[in-house]
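A.B. asks: Listed below are the residues making up each chain.
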Amino acid sequence: DVKVTQSSRYLVKRTGEKVFLECVQDMDHENMFWYRQDPGLGLRLIYFSYDVKMKEKGDIPEGYSVSREKKERFSLILESASTNQTSMYLCASKLTGVFTDTQYFGPGTRLTVL
Amino acid sequence: AQKITQTQPGMFVQEKEAVTLDCTYDTSDQSYGLFWYKQPSSGEMIFLIYQGSYDEQNATEGRYSLNFQKARKSANLVISASQLGDSAMYFCAMREPEDRDDKIIFGKGTRLHILP
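First to last, the protein sequences are chains A and B.
For the first sequence, our numbering assigns the number 7 to the initial residue and increments by one for each residue that follows.
For the second sequence, our numbering assigns the number 35 to the initial residue and increments by one for each residue that follows.
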């Protein structure tokens, strides 16, 4: 079974803090994704990566950066957290090239920025 | 314009009844894939069912089936004999054959409440 883990289920940070959200997958997937989920807006793609050290902006990259130094790990960084970044963050991974395959999701991190 | 439209923000259904969750999509591609996910209150996204645009049969997985109407660009999820544990958010999503990025576009979701 594919397993995607996220470093925290719940996180509370203060405005202006630097925040790291970590995601690790154990299935040697090339593609990894970070989404944020807000009520009434569904899932919106922040960044994705299709290989080590490769990253691409998604639909809402402003205020975020990412890092992928190892294939299994994809980190989302909030350089200076703001209250409008309070949200649920979901990480996902997928084997490249199999069109019919789903993305596999982690359990999510509920981030609150005070 | 939205690529995935789920018109029902919330639904209340009596236990054991069948449920249909609506999803329409917008694409100019001939080849695409459609997914449904369930998200319980715990937060994890659970893959339910997949339908390919060239699949002639409607996809089924246990109590889940996908009512695929290609000409209408509709991919409704049908849950038969609903159970209390079906209460959750449900997301419809689509993958288009862009490049290797394997991205998925999600709808805004439908919150389903099953009543005892």
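None of these hints come from the bench; they were simulated from the model.
Please note that a few of the clues may not be correct.
Once the Cα atoms are required to be at most 20 Å apart in a straight line, the calculated EDC-like pairs of lysine to aspartate or glutamate come out as [as the list claims (entries may be wrong)]:
1. K9/A <-> D44/A
2. K76/A <-> D44/A
3. K9/A <-> E78/B
4. K37/B <-> E75/A
5. K50/B <-> E130/B
6. K142/B <-> D44/A
7. K142/B <-> D89/B
8. K63/A <-> E36/A
9. K61/A <-> E85/A
10. K59/A <-> E23/A
11. K107/B <-> D89/B
12. K59/A <-> D44/A
13. K63/A <-> D89/B
14. K24/A <-> E75/A
15. K76/A <-> D57/A
16. K77/A <-> E62/A
17. K37/B <-> D65/A
18. K142/B <-> E85/A
A.B. asks: Could you work out which earlier hints the structure fails to respect and list their numbers in ascending sequence?
C.D. replies: 1, 2, 4, 5, 7, 10, 12, 13 and 18
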